[in-house]
Amino acid sequence: MRKQRPDPVEVEEQEERPSKSQLKREMHALQALGETLIAMRPAERARFPLSDDMLRAIEETSRIRSHEGRRRHMQYVGKLIRKEDLTAIQGVFDSIDQEQEQRDHAFHRLEKWRERLIDEGDASVDLFMAEHPDADRQTLRQLIRNAQREREQGKPPTSSRKLFKHLRETLSL
Numbered sequence: 391m392r393k394q395r396p397d398p399v400e401v402e403e404q405e406e407r408p409s410k411s412q413l414k415r416e417m418h419a420l421q422a423l424g425e426t427l428i429a430m431r432p433a434e435r436a437r438f439p440l441s442d443d444m445l446r447a448i449e450e451t452s453r454i455r456s457h458e459g460r461r462r463h464m465q466y467v468g469k470l471i472r473k474e475d476l477t478a479i480q481g482v483f484d485s486i487d488q489e490q491e492q493r494d495h496a497f498h499r500l501e502k503w504r505e506r507l508i509d510e511g512d513a514s515v516d517l518f519m520a521e522h523p524d525a526d527r528q529t530l531r532q533l534i535r536n537a538q539r540e541r542e543q544g545k546p547p548t549s550s551r552k553l554f555k556h557l558r559e560t561l562s563l
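So the mapping is simple: our numbering equals the position in the sequence shown, first residue as 1, plus 390.
Wrong hints could be hidden among the right ones.
[What the hints assert, rightly or not] Restraint ranges, calculated between C-beta atoms of paired labels, are given here:
(1) Gly-511 to Arg-431: 40 to 50 Å
(2) Gly-511 to Ala-436: 39 to 49 Å
(3) Ser-562 to Arg-460: 34 to 44 Å
(4) Arg-461 to Glu-489: 29 to 39 Å
[Claimed, not checked] The calculated lysine to any residue pairs, modelled on SDA-like cross-linking and capped at a C-alpha distance of 20 Å, are:
(5) Lys-410 to Gln-465
(6) Lys-414 to Arg-461
(7) Lys-502 to Asp-526
(8) Lys-552 to Leu-530
(9) Lys-414 to Glu-474
(10) Lys-469 to Pro-439
(11) Lys-410 to Gln-421
(12) Lys-545 to Lys-555
(13) Lys-552 to Glu-542
(14) Lys-469 to Glu-449
(15) Lys-555 to Arg-535
(16) Lys-502 to Glu-521
(17) Lys-545 to Asp-509
(18) Lys-473 to Ala-436
(19) Lys-469 to Pro-408
No wet-lab data here; the hints were simulated from the structure.
Model, not experiment: these values are computed from the prediction.
Virtual Cβ for every residue (Gly too), placed ideally from N, Cα, C.
Whenever a hint applies, use it, and build me the whole structure from the sequences.
See below:
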């Protein structure tokens, strides 16, 4: 007897169905997303639109000590996260990244001001005061002089750090 061959599958049908490897990659990505959420502090995690089941699973993770138990639990978290609104979760991650980028930009701007103030002295103080009239000119000039003196003597940059802190407080960053 001859074996009966299955009917050939149409090419269009094959393209619609993802491969087993692709499905595994997606599941691993969801587990990694779950691990990221678990690693966050509760205050950070509160920003995410997560279901009660997901929040319970995240809280339960801290009680699991066994390696194999944790591995199985992470699979469960991956399964639960499939039911979550991934678009909203990604939106929160994007906003967190944007906030971090803005903080980094502000930090670099402060560093540039500090270096400029130390390098140029009183000329740059006037420019800084023009942009930020609420700043304390006397404290600013004293910190700049101390930082310049430390730099000339090759001492640790204690006053430079104090100047940076003062600039950050002045600009409320």
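**OP:** List in ascending order the numbers of the hints, as given earlier, that are violated by the structure.
**Re:** none
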